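Asks: Using the sequences plus the hints, can you model the full thing?
Following UniProt numbering, the numbering of the sequence shown begins with 1 at its first residue and continues without gaps.
These are calculated hints, taken from the structure and not from any lab test. Computed from a predicted model, the values in this text were never measured in an experiment. This list has only true hints and no planted wrong ones.
Straight-line alpha carbon distances no greater than 27 Å define the calculated DSSO-like cross-link-like pairs of lysine-lysine that follow:
{"no.": "1", "residue 1": "Lys-425", "residue 2": "Lys-623"}
{"no.": "2", "residue 1": "Lys-177", "residue 2": "Lys-60"}
{"no.": "3", "residue 1": "Lys-169", "residue 2": "Lys-60"}
{"no.": "4", "residue 1": "Lys-425", "residue 2": "Lys-637"}
{"no.": "5", "residue 1": "Lys-143", "residue 2": "Lys-101"}
{"no.": "6", "residue 1": "Lys-35", "residue 2": "Lys-193"}
{"no.": "7", "residue 1": "Lys-204", "residue 2": "Lys-193"}
What follows is a set of in silico ranges between Cβ atoms, one per label pair, in the way DEER data are often shown:
{"no.": "8", "residue 1": "Asp-338", "residue 2": "Pro-36", "range": "47 to 55 Å"}
{"no.": "9", "residue 1": "Ala-622", "residue 2": "Lys-277", "range": "40 to 48 Å"}
{"no.": "10", "residue 1": "Gly-537", "residue 2": "Asp-624", "range": "26 to 34 Å"}
{"no.": "11", "residue 1": "Thr-424", "residue 2": "Gln-723", "range": "40 to 48 Å"}
{"no.": "12", "residue 1": "Glu-631", "residue 2": "Lys-535", "range": "32 to 40 Å"}
{"no.": "13", "residue 1": "Lys-722", "residue 2": "Thr-214", "range": "52 to 60 Å"}
{"no.": "14", "residue 1": "Asp-408", "residue 2": "Ala-622", "range": "15 to 23 Å"}
{"no.": "15", "residue 1": "Ala-166", "residue 2": "Thr-644", "range": "46 to 54 Å"}
{"no.": "16", "residue 1": "Ala-307", "residue 2": "Lys-286", "range": "18 to 26 Å"}
{"no.": "17", "residue 1": "Thr-424", "residue 2": "Lys-715", "range": "45 to 53 Å"}
{"no.": "18", "residue 1": "Gly-66", "residue 2": "Lys-143", "range": "15 to 23 Å"}
Even for Gly, the Cβ is constructed at its ideal location relative to N, Cα and C.
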Amino acid sequence: MKLYLLALLLTLTSWIPAEELPRVFMIGDSTMADKPLEDNPERGWGQLFPLFLKQGVTVKNYAVNGRSTKSFITEHRWDSVLAQLRPGDWLIIQFGHNDQKKEDPTRYADPEGAYKDNLTRFIKEARSKGANPILVTPVMRRKFDDKGAFTDQHGLYPGVVRQLAAAQKVPLIDLHKSSEALIVQHGVQGSEKLFRTTPAGHYKTLPNGITDNTHFSEYGATLVAGLVAKEIRDKHIELEKYLQTTVFEGKYRFDLPEIYEPHFRRDTFSIAAYGAKADGITLNTKSINKAIDDCNSKGGGVVMIPAGLWLTGPITLKSNVNLYLASNAILQFTTDFDQYPLIETTYEGLKAMRCQAPVSAVNAENIAITGKGILDGGGDAWRIVKKDKLTETQWKKLVASGGIEGEDKRTWYPSAKSFKGSHTKLAGVISPEKTAADYDSIKDFLRPNMLSITSCKYVLLEGVTFQNSPAWCLHPLLTEHITLRNVYAKNPWYAQNGDGLDLESCRYARVEGCTFDVGDDGICIKSGRDEQGRKRGVATEDVIVNNCTVYHAHGGFVIGSEMSGGARNLYVSDCSFLGTDIGLRFKTTRGRGGIVEKIYVHNINMKDIPAEAILFDMYYMAKDPVLLAGEKRDAPKAELFPVTEATPQFRDFHISNVVCYGAAKAIFIRGLPEMPISDIHLQDITIKADKAGDCIVGSNIYLNNVTLVTADNGKINVQDSKQVKLDITKR
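Replies: Listed below in structure tokens is the structure:
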């Protein structure tokens with residue numbers, strides 16, 4: 001797994017003179033030691049520990065593979081470290097793995113004898129130099145018994161470290177305890193990703209693979225280093241003041257989620273070898289799927305889409321397969337609807353029958369779509385189009401192409417089935433009274449999302465362009481550990497339901513360096529709809545979004561409206577929204593339920609926003625954010641309803657460092673009489689807009705250092721709200 005440092009998340013709010021910065025020395029065994037970076041999956045946690053310290057703090061990692069307290073001394077390694085120590089330095093000590101090895105007299109140290117004595121020596125001699133020792137209990141190995149219960153393999157050693165720390169009044173990091181919790185949290189199978197265990201064929205240095213439940217992967221080493229940093233903070237060890245914070249209020253580097261990225265076998269399967277032809281005529285569905293199946297059956301690798309235009313029907317990704325599109329490769333999905341069978345899936349948060357997605361994966365692990373190529377979903381053939389979103393010339397050309405013009409002469413339908421489906425209540429939603437014939441009669445209306453990834457783990461989308469989707473473009477559902485990097489999602493601005501990215505009930509996701517120019521919401525967080533979503537009960541959580549650009553979209557970064565499973569721990573930073581209908585858009589309505597909380601947004605730039613720069617609305621009405629020509633909307637009637645499980649909640653949002661140059665309205669907050677929007681913190685914000693905005697039914701709303709340049713002199717309309725504090729500069 002490549003190491004991507006999210007430097008943009010690191011705050012440099014305080015510069016510390018070099019002479020005041022401490023040095024951190026580390027002594028220990030292979031679980032802590034630095035490892036070669038090239039073609040090597042192994043990392044020591046000490047190697048990743050600098051990520052969690054402020055820039056400029058020097059880390060000297062003297063941990064060495066295979067060493068115990070005894071051999072570290074007899075090989076004079078301790079003498080070398082001791083000679084360098086000076087007042088104010090820190091010494092982090094972790095031994096135990098090799099002290100246990102009774103079969104090796106050069107390393108074995110009895111826990112109550114030599115082991116304890118050697119640790120005591122490290123402590124006393126470090127203190128004699130004015131350094132500050134920290135004891136760390138041995139980090140856990142991965143071992144589960146036949147019943148799936150975790151097994152401790154360290155005997156008396158951790159207890160000795162704890163007792164010695166108390167006796168010597170030395171700060172203790174109980175990594176033995178915290179690493180066990182980490183391994184158990186990941187589960188029997190998931191915890192393999194924490195360690196060096198690797199299948200054959202992935203690395204030249206490990207041609208036959210390896211099973212290793214002691215040494216860490218980069219992902220595991222990063223998490224373990226984070227455990228150490230977290231305990232330093234939690235115990236208020238003096239080194240705490242040198243821990244790396246982030247741009248998000250009150251959050252340290254270790255508070256942010258870590259996302260595992262898949263790695264693939266070094267084997268390539270070109271679709272050309274399976275009979276595929278890049279002539280734009282041959283339907284290559286079977287050839288491409290055969291290449292994927294073969295790659296999967298042989299342990300995985302890369303399925304290569306060479307340069308050229310390749311026509312295909314739906315393709316299905318399998319575990320351990322990286323679908324790679326070369327530069328100038330175009331994967332064009334056919335507009336022959338017969339190639340897309342109806343399948344049971346979900347749509348807009350409900351169980352539904354839809355046509356099979358152009359690209360899909362279900363219950364797969366370690367999958368990717370990477371490269372420089374383009375995937376085109378052929379969405380123009382599927383979509384209903386509103387006249388108000390086209391020029392007169394475009395409209396006439398569309399109507400002349402075929403299809404059906406609606407009775408109002410303002411809506412175009414691709415076919416009779418599409419027309420019928422659009423006039424069918426809850427079309428496609430699964431219910432007992434519907435038959436296969438019912439769904440088939442409206443099949444053309446049941447357009448698929450372009451990329452559907454369901455119940456998968458360890459997913460990477462990188463470098464490619466997804467365009468012209470029939471419905472939503474990218475839809476990961478119930479998926480964990482997904483990374484999108486430098487992806488471009490592109491749809492016509494008039495594309496109905498043409499969302500860019502919809503993360504639904506997903507956990508551990510990173511979206512970085514991506515660009516969206518679409519017909520509906522740009523980057524959207526969802527978690528199911530109404531009763532079905534609440535019954536599923538899976539929130540979207542632990543998500544990082546950074547360095548993304550959204551052009552046309554209904555919203556730049558969006559939560560809702562289908563958020564019935566909740567959303568939390570979302571971290572958004574360093575994004576630009578240009579011409580997006582609404583910048584930050586948080587929407588829901590009665591009936592959804594779900595709690596959205598712990599949302600952090602920092603450093604957002606916006607320009608030419610046709611509606612609100614920042615919007616919280618609990619009266620979402622499934623309408624375009626910007627009124628179409630001649631359209632009128634009445635404000636909803638404020639009525640008090642009982643609070644039930646179907647009552648949604650928005651709370652605990654932290655939004656800072658936002659600049660917007662041009663919007664219709666700066667800020668809009670509208671809660672429900674029975675459930676105010678609460679604990680909203682807006683800080684260091686400058687917005688130039690036509691109107692300042694409204695706060696209707698809010699509680700604990702704080703605007704601090706907010707500058708509004710508006711025609712109404714920056715006056716926020718406050719209604720039916722309490723604990724509203726407005727620190728606004730009006731220009």
